[in-house]
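Colleague: Using the sequences provided together with the hints, build the complete structure.
Protein chains: 4
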Amino acid sequence: MTQRRLGVWFIGAKGGVATTATLGYLALKNQLAGPTALVSQLPEFAPLELIDWNGWVIGGHEIRETTLLQEALRLAEDNRTFAKELVLSCQEELEALEANYRWGTLHNVGPTITQLACPACRQEQGTAAEAFARIQEDLREFAQANSLEHVVVVNVASTEPPLQSPPAVQTWEELRRLIDQPACPLPASTLYAAAALDLGCSYINFTPSLGSSLPALDHLAQLRSTRHMGYDGKTGETLLKSVLAPMFAKRNLRVMSWVGHNIFGNMDGRVLDDPVNKQAKVTSKDRLVRHILGYAPQTLVSIEYIESMGDWKTAWDHVHFQGFLGVPMVLQFIWQGSDSLLAAPLVLDLIRFTERAHRAGHVGRMEFLASFFKSPLGVEEHDFFEQFRMLRQWAGGLAAC
Amino acid sequence: MTQRRLGVWFIGAKGGVATTATLGYLALKNQLAGPTALVSQLPEFAPLELIDWNGWVIGGHEIRETTLLQEALRLAEDNRTFAKELVLSCQEELEALEANYRWGTLHNVGPTITQLACPACRQEQGTAAEAFARIQEDLREFAQANSLEHVVVVNVASTEPPLQSPPAVQTWEELRRLIDQPACPLPASTLYAAAALDLGCSYINFTPSLGSSLPALDHLAQLRSTRHMGYDGKTGETLLKSVLAPMFAKRNLRVMSWVGHNIFGNMDGRVLDDPVNKQAKVTSKDRLVRHILGYAPQTLVSIEYIESMGDWKTAWDHVHFQGFLGVPMVLQFIWQGSDSLLAAPLVLDLIRFTERAHRAGHVGRMEFLASFFKSPLGVEEHDFFEQFRMLRQWAGGLAAC
Amino acid sequence: MTQRRLGVWFIGAKGGVATTATLGYLALKNQLAGPTALVSQLPEFAPLELIDWNGWVIGGHEIRETTLLQEALRLAEDNRTFAKELVLSCQEELEALEANYRWGTLHNVGPTITQLACPACRQEQGTAAEAFARIQEDLREFAQANSLEHVVVVNVASTEPPLQSPPAVQTWEELRRLIDQPACPLPASTLYAAAALDLGCSYINFTPSLGSSLPALDHLAQLRSTRHMGYDGKTGETLLKSVLAPMFAKRNLRVMSWVGHNIFGNMDGRVLDDPVNKQAKVTSKDRLVRHILGYAPQTLVSIEYIESMGDWKTAWDHVHFQGFLGVPMVLQFIWQGSDSLLAAPLVLDLIRFTERAHRAGHVGRMEFLASFFKSPLGVEEHDFFEQFRMLRQWAGGLAAC
Amino acid sequence: MTQRRLGVWFIGAKGGVATTATLGYLALKNQLAGPTALVSQLPEFAPLELIDWNGWVIGGHEIRETTLLQEALRLAEDNRTFAKELVLSCQEELEALEANYRWGTLHNVGPTITQLACPACRQEQGTAAEAFARIQEDLREFAQANSLEHVVVVNVASTEPPLQSPPAVQTWEELRRLIDQPACPLPASTLYAAAALDLGCSYINFTPSLGSSLPALDHLAQLRSTRHMGYDGKTGETLLKSVLAPMFAKRNLRVMSWVGHNIFGNMDGRVLDDPVNKQAKVTSKDRLVRHILGYAPQTLVSIEYIESMGDWKTAWDHVHFQGFLGVPMVLQFIWQGSDSLLAAPLVLDLIRFTERAHRAGHVGRMEFLASFFKSPLGVEEHDFFEQFRMLRQWAGGLAAC
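Protein chains in written order, with this note's numbering: chain B, 2 to 402; chain D, 2 to 402; chain F, 2 to 402; chain E, 2 to 402.
A couple of the hints might just be wrong.
Here are the simulated DSS-like pairs of lysine-lysine, each with C-alpha atoms no more than 30 Å apart in a straight line [as the list claims (entries may be wrong)]: (1) F/Lys85 with D/Lys30; (2) E/Lys30 with B/Lys85; (3) D/Lys30 with F/Lys30; (4) D/Lys85 with F/Lys30; (5) B/Lys30 with E/Lys30; (6) E/Lys30 with E/Lys85.
On the chain B side, residues computed to face chain D include the following (Cβ under 7 Å) [said to hold, decoys possible]: (7) Ala34; (8) Phe83; (9) Lys251; (10) Gln337; (11) Arg357.
Because the hints were derived from the structure by calculation, they are not lab data.
On a predicted model such as this, the values are computed, not experimentally measured, just so you know.
The beta carbon of each residue, even a glycine, is placed where N, CA and C say it ideally should be.
Modeller: Structure below.
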């Protein structure tokens with residue numbers, strides 16, 4: 002197999018998830034890390050011949066003034082997750098990547114995110130159309146400079162405030178006109194998605210921001226014969242919900258209430274501490290219990306920024322359910338995981354599966370990736386194991402070719 | 002549909018599970034209880050036309066001197082589960098059943114269980130062959146007296162001590178010879194199973210006792226064109242294991258250790274407090290994590306008798322796993338459920354599905370019932386959702402007929 | 002000892018706490034309940050010769066149309082706490098009390114509480130001065146009709162919204178003038194407190210409403226040679242905080258953050274679900290960790306109304322602290338208690354201790370009762386055991402007389 | 002204040018606790034660590050003028066072939082507690098201490114501990130009398146070589162199996178005769194204690210081994226005008242018990258059962274995995290709930306060796322208690338702490354307080370140190386806060402001089 006040159010472009014390229022994914026990629030490439038936590042490394046996906054850990058070129062958009070090395074060291078020091086030694090052993094490669102980063106757009110990201118941006122980044126802002134053009138220029142330059150066969154764009158930036166009423170645009174033409182309007186209501190995440198898809202890049206939205214969820218974006222993907230998927234990575238508490246809710250359903254145990262409290266202290270947490278930004282996240286987390294059970298128990302989801310927790314997201318869930326003869330019983334769980342370390346391998350998995358879908362000529366939404374998302378686009382199934390079966394089925398189909 | 006007369010014969014007929022199942026049956030029949038916790042009431046099984054809540058005749062073997070009413074009232078008073086009012090509203094029917102109970106056998110049940118037996122029961126003991134004959138006589142008389150079409154025998158008695166080395170008997174003839182030996186090593190649960198199957202009854206082992214797990218019992222079922230399944234009902238902590246372990250597997254998260262502590266205080270707990278009896282249970286609970294993951298993390302399962310807990314089994318599980326880059330994370334859960342109320346509806350489900358299998362002419366082990374058991378006979382699959390799919394597939398096959 | 006006639010007047014007289022306290026009193030009087038959960042029954046308080054369980058006359062103000070019996074039965078049915086049988090065995094006495102209840106005032110209780118009031122109660126409302134006069138009339142009539150030696154008034158009504166800026170009134174004269182103003186800003190709880198103290202009754206505020214916390218109320222108590230204390234009963238999560246925070250302090254372990262989530266579903270919970278009413282409660286719960294530790298870790302307290310929980314308040318607390326060499330560690334606790342059953346015995350204790358203080362001629366705030374309150378009036382000490390020592394010291398002083 | 006030369010002699014000198022205490026001492030001396038977790042650094046003990054972090058000479062007995070540096074690095078790498086950088090910045094001082102270690106005795110330490118000993122250590126073993134003589138020689142040499150004013154000997158070695166029946170020796174003479182017997186039944190910990198006290202050293206037993214708990218050892222301390230205390234450091238779960246049990250007592254809440262499960266994976270855990278060694282520990286942990294409550298609820302304490310946990314001891318405690326009207330409620334806590342990092346600062350505290358007691362001329366048991374121990378010698382009080390008050394009172398007395 003001759004080596005493919007894959008471009009990976011992160012939105013929020015020096016945030017916790019992108020930094021960890023980038024470091025993780027280098028660790029895997031240099032055989033400093035094992036396959037743990039990588040779905041794409043499961044033996045059952047071996048026949049897919051997914052792209053290996055060589056030949057990736059990583060770059061992206063960022064709004065803060067910092068370096069990847071600095072961010073990786075800070076993560077190591079603050080969070081008791083990966084070791085500083087690992088960062089230092091990849092130092093040269095991390096520094097080499099610095100050439101690949103560009104200032105991102107702040108269009109409609111809300112005041113909490115805007116505040117994080119450095120002056121240099123703020124200076125470059127303009128209209129939505131200008132941002133759109135600049136993103137495309139950045140992507141084109143990245144692809145050319147690195148002779149890339151294909152670029153996968155992944156949104157791992159902080160969560161934007163949700164739109165009160167998303168514009169009812171069905172086609173790429175309508176969307177394009179919206180971008181050209183002086184008061185374009187689209188958030189940054191959607192500008193990035195449109196810019197990427199229009200150039201034929203694959204696009205993945207790992208956040209609860211709007212991204213490619215409007216029908217017009219799917220239309221654009223179809224027009225350009227490219228693909229996309231989202232949204233909101235399913236990393237911890239929600240993963241558990243999508244595993245436990247089906248158990249209650251299949252045992253006919255009636256969930257009366259499901260309460261989930263999440264605390265964590267990384268930058269994502271700081272942004273989500275703004276109630277406006279938090280709303281998007283909570284809605285995305287809350288929906289699926291209802292979907293899986295087929296009825297609506299009382300649910301409560303909270304996400305709170307507790308600084309001392311750093312990257313360690315801790316969730317306490319209290320499930321109050323009725324058993325036989327109406328007797329109430331309780332299941333509680335406590336999940337203590339590092340947010341970035343849960344997200345990063347899934348991001349790497351998504352890149353590999355998406356690259357494979359690109360090779361297979363898949364066009365439009367990649368529903369088979371549903372198991373990676375809290376709110377999978379175009380998919381009503383929220384049972385994790387049913388979603389996983391969709392992935393396996395897709396893989397089986399490809400491997401059979 | 003003309004009404005079928007179904008016989009249900011419980012081993013351990015006035016214990017917590019059988020009492021709750023019997024009361025629950027009456028509550029369902031009298032429309033005092035809803036479908037909650039009954040798998041067989043899920044809409045997807047409606048096409049099966051399972052037997053409804055009329056026309057069951059319940060009886061069984063018991064070793065203690067007590068009445069069903071007394072036991073039901075005690076459960077209500079001691080455990081804050083179902084209400085005393087429910088028991089009283091079924092009082093007449095509970096009392097009417099008293100005619101259907103016979104003294105059970107104490108053959109090789111170990112000293113802890115033997116101690117529970119009343120003098121009248123102890124007096125009736127004899128050799129294994131005598132016990133076998135007496136069980137059959139009891140079952141025949143029950144069927145005749147009540148003009149039953151079919152009898153399902155369900156073992157819900159206290160857990161026997163495990164045999165050091167189960168006899169290597171492959172055929173019914175060999176087993177029969179063993180029964181006739183003066184020092185027959187078989188435990189009561191296997192005598193009951195053999196007696197039932199030999200008469201063409203269906204047999205279900207809801208406990209971790211030996212029951213029908215020897216190949217010779219399956220041979221007997223084949224010879225008599227009847228059916229059986231077991232063993233050890235999957236009600237709480239183990240159910241969660243069979244749901245959560247697949248999640249770790251499919252996300253490639255490496256489980257390093259899985260510790261589970263169970264505390265409860267009902268009679269089953271008192272018997273399990275004897276380390277000899279406990280062994281069978283712990284082994285059954287411990288096995289499946291390894292099976293599902295495909296490797297062997299350190300596991301620890303304990304069951305402790307804590308009197309104040311009564312029927313409320315509380316389990317704390319601590320799962321220590323490695324995430325990406327080898328970083329250790331933790332999932333803990335706490336399960337607080339009423340043991341009898343979790344078991345009873347599954348027992349009713351098993352009876353209904355088994356009666357349906359009898360009508361369909363199923364012979365031998367009922368592997369499609371795997372999702373109900375911790376150690377399903379003849380089934381290597383321990384993933385709950387895969388097991389559930391087996392049930393659905395069987396149902397689909399029958400419904401299609 | 003000749004029998005004393007003690008009057009007990011509850012504000013919120015048919016709410017969960019008052020109903021449980023009333024039922025509990027009757028159970029104790031009729032020897033249907035033991036001393037468990039009653040601080041005043043500890044052997045160390047025996048020398049105090051507290052008033053026994055005879056000769057109490059109970060009455061109060063209520064705003065909903067219901068009977069005590071009805072409320073007690075509902076509590077028994079909805080909550081799996083005390084048994085219906087207990088209620089029925091006190092039925093006659095519960096019904097006999099009905100004559101002793103009067104309509105309460107809705108003055109400044111906020112819309113959420115006002116909504117709960119029945120039409121008959123709403124009709125009786127008037128100005129603050131009228132309410133004040135009516136309350137006094139009710140109390141006088143109660144004392145005369147029952148030939149009471151002394152009346153203890155206890156506020157166990159739902160939490161009022163906090164005043165933005167409590168009026169700066171230092172003396173009874175100023176307060177009296179405020180009551181007479183057409184737009185009197187005082188909430189109902191303070192009108193009750195003033196009316197009671199002015200008549201020489203003792204007053205206890207078991208809620209986080211304003212009650213007697215203004216200096217003018219203490220002035221009034223001094224003028225009338227009576228006594229009062231509050232506020233906000235320390236029943237569950239906060240009790241634990243006042244026990245655990247001193248441990249961290251005395252071991253010099255540095256608390257970085259303390260997160261507490263409370264869920265419950267009784268009427269108090271429904272009222273607290275209004276963010277305005279909730280504020281008073283959260284503030285009261287939040288303060289003491291800081292006080293005990295002497296520095297300010299990040300704290301978060303939430304109270305959420307989850308209907309299915311009924312009276313069962315469940316709290317999850319996550320304490321993130323630094324150990325030696327700065328290493329972060331975690332203590333979590335989960336508290337599952339019945340709210341009314343935790344509060345009711347403390348209310349009975351407070352009545353007994355207060356009656357004793359009345360006999361001893363105590364005037365003004367009863368600081369020695371600090372251990373019963375989240376925010377004890379006039380007391381800076383929040384360490385539970387230090388507070389308990391204050392109670393013991395007071396008792397020792399009295400017993401020595 | 003002229004500088005004092007204090008000798009600190011650890012039994013188990015390169016185990017987790019001693020290594021952490023030694024590293025911690027160096028970190029404090031070099032101002033690389035703050036006062037967190039050090040009781041002796043609380044402002045209220047400032048008037049005591051405790052010895053500061055200069056002028057300590059550390060040495061000890063060890064049975065394994067290793068270096069302090071190696072152990073410290075291993076702790077850093079395996080456990081995600083303190084950073085490797087901290088170890089490296091103290092490297093020279095750690096290495097300089099190596100001259101101060103001697104082979105310990107294996108007399109009656111049981112097979113599990115004996116197995117850990119290196120060949121060189123095993124070779125030096127002899128009779129109890131020889132071991133006793135050698136220990137004294139080691140201590141004398143240490144004191145002379147370093148011109149020490151006083152030596153505090155601290156036992157932090159692995160837990161020995163308990164004696165079935167401890168010898169009934171009341172006086173030092175009787176004990177001395179026992180040591181000279183060929184089949185001396187005394188365990189190593191008692192030989193160390195006797196050797197140390199006989200030389201006038203102070204002795205602290207931080208483990209549940211026998212140590213100085215026999216009356217004869219106290220007699221020896223009196224004869225030599227020296228002092229001792231023990232036993233079994235109160236670091237985590239038991240600390241919580243000694244804080245929470247008094248809360249239940251003072252609120253008259255009736256504890257029905259108290260279950261505690263501890264899991265951890267350090268060397269201490271490996272030794273405790275031997276049921277014989279575990280017994281001593283469990284007994285020590287179990288006793289105090291009963292003592293504090295004044296009655297005997299059902300209790301269960303387990304300690305399990307779970308390798309993946311390393312030094313992180315996790316305890317789950319389930320307290321089942323009766324509230325008012327007999328209603329059962331539950332408190333659960335989960336404690337996640339690093340075992341060595343919880344123990345080490347207490348060891349440093351004990352050394353400082355003991356050195357102060359030496360200066361003050363205290364002779365015999367140091368009961369005022371009770372708050373540091375699970376089973377404080379000569380002290381019936383188990384309430385942590387009462388024990389802390391004893392420490393404060395002693396300090397007050399000294400400061401007043």
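Colleague: Determine for every hint whether it applies to the structure shown.
Modeller: Here's how the hints hold up against the structure:
{"no.": "1", "hint": "F/Lys85 with D/Lys30", "in the structure": "26 Å, holds"}
{"no.": "2", "hint": "E/Lys30 with B/Lys85", "in the structure": "26 Å, holds"}
{"no.": "3", "hint": "D/Lys30 with F/Lys30", "in the structure": "43 Å, violated"}
{"no.": "4", "hint": "D/Lys85 with F/Lys30", "in the structure": "26 Å, holds"}
{"no.": "5", "hint": "B/Lys30 with E/Lys30", "in the structure": "43 Å, violated"}
{"no.": "6", "hint": "E/Lys30 with E/Lys85", "in the structure": "18 Å, holds"}
{"no.": "7", "hint": "Ala34", "in the structure": "5 Å, holds"}
{"no.": "8", "hint": "Phe83", "in the structure": "5 Å, holds"}
{"no.": "9", "hint": "Lys251", "in the structure": "5 Å, holds"}
{"no.": "10", "hint": "Gln337", "in the structure": "5 Å, holds"}
{"no.": "11", "hint": "Arg357", "in the structure": "17 Å, violated"}
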